[in-house]
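Engineer: So you can see what is in the structure, the chains are spelled out below.
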Amino acid sequence: MENRQSIPCVELRNVVKRFPGVLAVDHVDLEIEQGKIFTLLGPSGCGKTTALRLVAGLETLDEGDILIDGKVMNDIPPYRRNCSTVFQSLALFPHMTVEGNIAYGLERRKTPNHEIRKGVGEMLELVGLEGMEKRRPSQLSGGQRQRVAVARSLVLKPRVLLLDEPLAALDRKLRKEMQVELKRIQGEVGITFLYVTHDQKEALAISDTIAVMRAGKLEQAGAPDEIYNTPRTKFIADFMGASNILSGKVIATGDGKLQLETDSGLKVIALHNEGTGNNEITGISVHPELIELLPSDAGLEGDNRFRGRVIEMIYQGDFIETKITLSQTGELLTAHFPSRLEMVTRLSPGEEVLVHWSPKSSNTLLA
Amino acid sequence: MKAGKIADIIQRLGVILVYVVLWMPIVILVILSFSSHAIGLRWQGFTLQWYVQVLNTPKAMEALKNSLFVSTVATVISTIGGTLAAYGLYKYKFRGRSALRMSVLLPITIPYVVTAATLLIFFTQVIRIPMGYITIIIAHITFSAPLAVFIVLGRMARVDWTLEEASADLGADKLTTWRKVIVPVLLPAIMISAALIFPWSFNDFTITYFVAGVGTMTLPIYIFSLMQYCRTPVVINAISSVFVVLPIIGLLLVTFLQRKETT
Amino acid sequence: MVKFLTKQVHLPYVGPVGLWVLLFVLIPMGVAVYLSFVTSGPHSRIIHEFTLDNYRALFTSARLLILARSFQYAVVTNVVCLLVGYPLAYWIVRHGGRFKLLLLGGMIVPSWISQLLRLYALRRLAGDPGIINSVLLGLGVISSPVKMLFNPTAVVFGLIFVWLPFMMLPIYASLEGLDQSLLEASVDLGATPFKRFFTVTLPLTKGGVFAGTILCLIPAFGDWLSPLILGGDRVLMAGSLVRLYFISVGNFPLGAAVAVILTAAVLLMIYIFIKLGGEEAIERLV
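Chains as they are written, first to last, in this note's numbering: chain C, 1 to 367; chain X, 1 to 263; chain P, 1 to 286.
Because the hints were derived from the structure by calculation, they are not lab data. Heads up, the beta-carbon is just placed ideally off N, CA and C, and yes, glycines get one too. It is possible that part of the hints are untrue.
What the hints assert, rightly or not - As a list, the in silico BS3-like pairs of lysine-lysine whose alpha-carbon atoms are at most 27 Å apart:
{"id": "1", "chain 1": "X", "residue 1": "Lys5", "chain 2": "P", "residue 2": "Lys100"}
{"id": "2", "chain 1": "C", "residue 1": "Lys267", "chain 2": "C", "residue 2": "Lys234"}
{"id": "3", "chain 1": "X", "residue 1": "Lys91", "chain 2": "X", "residue 2": "Lys180"}
{"id": "4", "chain 1": "C", "residue 1": "Lys110", "chain 2": "X", "residue 2": "Lys180"}
{"id": "5", "chain 1": "X", "residue 1": "Lys174", "chain 2": "C", "residue 2": "Lys157"}
{"id": "6", "chain 1": "C", "residue 1": "Lys71", "chain 2": "X", "residue 2": "Lys174"}
{"id": "7", "chain 1": "C", "residue 1": "Lys176", "chain 2": "C", "residue 2": "Lys157"}
{"id": "8", "chain 1": "X", "residue 1": "Lys5", "chain 2": "P", "residue 2": "Lys195"}
To be verified - Cβ pair distances, simulated, as ranges:
{"id": "9", "chain 1": "X", "residue 1": "Arg97", "chain 2": "P", "residue 2": "Leu276", "range": "24 to 32 Å"}
{"id": "10", "chain 1": "C", "residue 1": "Lys157", "chain 2": "X", "residue 2": "Arg97", "range": "37 to 45 Å"}
{"id": "11", "chain 1": "C", "residue 1": "Thr60", "chain 2": "X", "residue 2": "Arg179", "range": "21 to 29 Å"}
{"id": "12", "chain 1": "X", "residue 1": "Arg97", "chain 2": "C", "residue 2": "Asn82", "range": "34 to 42 Å"}
{"id": "13", "chain 1": "X", "residue 1": "Ile80", "chain 2": "C", "residue 2": "Lys157", "range": "37 to 45 Å"}
{"id": "14", "chain 1": "X", "residue 1": "Ile80", "chain 2": "C", "residue 2": "Thr60", "range": "26 to 34 Å"}
{"id": "15", "chain 1": "P", "residue 1": "Val33", "chain 2": "C", "residue 2": "Glu107", "range": "53 to 61 Å"}
{"id": "16", "chain 1": "X", "residue 1": "Tyr90", "chain 2": "C", "residue 2": "Lys157", "range": "30 to 38 Å"}
As the list claims (entries may be wrong) - What the simulated footprint calls covered on chain P by chain X, stretch by stretch (three residues with Cβ under 8 Å from a Cβ of chain X suffice, anywhere in the stretch; the number is not a length):
{"id": "17", "region": "17-24"}
{"id": "18", "region": "81-91"}
{"id": "19", "region": "95-105"}
{"id": "20", "region": "114-126"}
{"id": "21", "region": "221-227"}
{"id": "22", "region": "253-267"}
The shape of chain C in the complex, shown without the other chains (with noise of 0.2 Å):
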């Protein structure tokens, strides 16, 4: 057992896959420890279904290795590998019910029959869709297919559960109940699920483990926070909502300090970085959330106070989404400031503001 655990369940090495006119996946590397939930995330068209295809052995790849559980799976088809799919269109069989889509797979591994009985007794009970055997797929509800797909596959005991943007198509309240059951249904069988996902808000709800792709290069792989908190590119930066980016080189350190000066001339403070070096650091990235509002006599000593003014206001409910330009070089920030404060309330466009962040809110970025 202790071996097991130790292999990552699905390996990427490698891997290459080639379209006519364009290169898919290019040159990815990636492992996924046993029992977690990977997630690949990015925008459509950076290889991320590409990926997960090849895992499934539903494409085949052009250079590299596939390995699940140690083992090289390049030549063999999707039904003899040990892992199941969940599509994107769900892909349920009309003309089955919900009994016979779910021992599908079972039927087709000649399971005798009680026992295929018995697998989609548990997996119904475990979607929470006791009663509903007899259904046809045309007579659920978007929700209650999403969970027949999942069960379908998961009954087949799978070591890893590959799912194609599983939610996309339902609305937004059915999309966070089924984040929080997909979730809870991993936690109760401990598979190794393979996510994929174009909306950064469902990794960061869902994954144990996110890796950003982008024109299918892998970009950056990490626990949530991290990817949130500390995105190393502009790109990741950008993409996980921290739009405020500014270019800029290092020019002084100390205090456990750096400072940094952009192109524009803008001076911002940010933390020094233990294992990167000052030289590689190409910006720093600022969560709209982490711009504070100061009150307009507070002065400007300090670490990262600027003035600006503010351009648009836009109502978002638990927050307002504020445009400033600050007065100093022009540059236009981005910043959600709580609507609970009355300091916020009374602001309107046009007027002049006082902003700031703390240097631990500085994200240094590399590329």
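Position chains X and P relative to chain C; hints supplied.
Structural biologist: Below, chains X and P without anything else, positioned relative to chain C:
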């Protein structure tokens, strides 16, 4: 809105007129098939004697059997071949794909006589097989397979083909996927093809005439011979009512299948 | 070679039909073209010498007339079917209501009844002796039977009678599938019903009209049953010539030449249709 009302009535009358003209000849034939008077309009009494006579005519029964045989074989082969071809044309891109699509259309876009005549030439001059039920079946398949191809092709575009991938993903090989997923999903289109091809083949005369040899007797050929050589071909009336009832049944069948397809 | 064959995944699927088309459509047509350029000697033996005699024979006045008349009849049939079928389909789509399915079925069922029987029914009705004549004589309206058959009008009527459903049904399908919101938009923009029809409805149903034409004009062009049953020996069409030379006379090369001319004419017509914008019609069929 008097004028509008009048226009409306005229339109309705027009529609009724068309249907009356279209159906009248056949309906009269059917009615006459129950009349005990041989010809003419004089009604001398309701009778089923013509139907009985048909049933007692060995030649007619023989022709019926042959027609059923030929049409069934042609329908089965056309539907199977057509479904496979539709699958291949839809899913794969290959050299000659558009050429194949165009040439499959050919038998039904040129006048039937031409295709029938070319087959006649082919059978007698090139491969020299005796004209008989085989040649009729071949001719019928040549005309019906295109229909099956395009009906199934139309359905293929509306199917979610990740179903195939799901089936493979869950452990089924290609043959099993065909059996358990593809055929059930395509079934409505396959059945509609069969429902269209069978009556067409059963009723066909113009093509069968060309490729039937001496002595091969399908029902339409039998009817034609009655028409040509019989002074008072009264039994034709009886036979024709059967020919009218069958399509109606066929249509009901197809509407039922269409309903199933839309679920 | 084996590797090449195994890569041709599509073969098991399109193979059978492809082979069939090659064997029973393309090759026979090629043979027919070849035959049209040779002659047949005594005992219907083929003399394998290139000659244009067959075509020359066909371009004599009598036979050319038959071919030209066939085209004329087919066009008339098509036009009448269009003028009857389109309004009919239009009416059913817009005012059919509860009867829509019934009316549609009423058009589909005749198309499934054997052409032979339908024409026979017409002959029984209009012939001498025939039903109409019996009625009229019986009622004393006429004193001697009216000869309604054995003239071109009867033949053309028979063609219309047989092929009308095939014109009407594609048009119906096309009208039924018309997006109502397009018509509503045009009303919104101020179009009268008349204008609406010509600027929106008609262009959008072009596909159906072309499909109907292909299913009506081309079979009518090559039809020989209607001329035979309703026209007797007096009216001959192109298809009748084909039958004559292949079945009655046994002169295959001459018959082949007629077939080639017919095919060429039809392919030319189809080509013109496509150029006139019938692309969508082909798309819908294919």
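Engineer: The structure should be examined with respect to each hint, and the outcome stated for every one.
Structural biologist: How the hints compare with the structure:
1. X:Lys5 <-> P:Lys100: holds (20 Å)
2. C:Lys267 <-> C:Lys234: holds (19 Å)
3. X:Lys91 <-> X:Lys180: holds (18 Å)
4. C:Lys110 <-> X:Lys180: holds (15 Å)
5. X:Lys174 <-> C:Lys157: holds (22 Å)
6. C:Lys71 <-> X:Lys174: holds (24 Å)
7. C:Lys176 <-> C:Lys157: Given that 27 Å is the threshold and the Cα spacing comes to 25 Å, the pair holds.
8. X:Lys5 <-> P:Lys195: holds (22 Å)
9. X:Arg97 <-> P:Leu276: 24 to 32 Å: holds (26 Å)
10. C:Lys157 <-> X:Arg97: 37 to 45 Å: For X:Arg97 against C:Lys157, whose Cβ atoms are near 42 Å apart, the range 37 to 45 Å holds.
11. C:Thr60 <-> X:Arg179: 21 to 29 Å: holds (25 Å)
12. X:Arg97 <-> C:Asn82: 34 to 42 Å: Given a distance of about 37 Å, which is inside 34 to 42 Å, the answer is holds.
13. X:Ile80 <-> C:Lys157: 37 to 45 Å: holds (38 Å)
14. X:Ile80 <-> C:Thr60: 26 to 34 Å: holds (30 Å)
15. P:Val33 <-> C:Glu107: 53 to 61 Å: holds (55 Å)
16. X:Tyr90 <-> C:Lys157: 30 to 38 Å: At roughly 35 Å between Cβ atoms, C:Lys157 and X:Tyr90 fall inside 30 to 38 Å, so the hint holds.
17. 17-24: Result for this restraint: holds, n = 5.
18. 81-91: Holds, because 4 residues of the region 81-91 of chain P bring their Cβ atoms closer than 8 Å to Cβ atoms of chain X.
19. 95-105: holds (count 4)
20. 114-126: holds (count 10)
21. 221-227: Satisfied; 5 residues make the cut.
22. 253-267: holds (count 7)
In this structure, none of the earlier numbered hints is contradicted; all agree with it.
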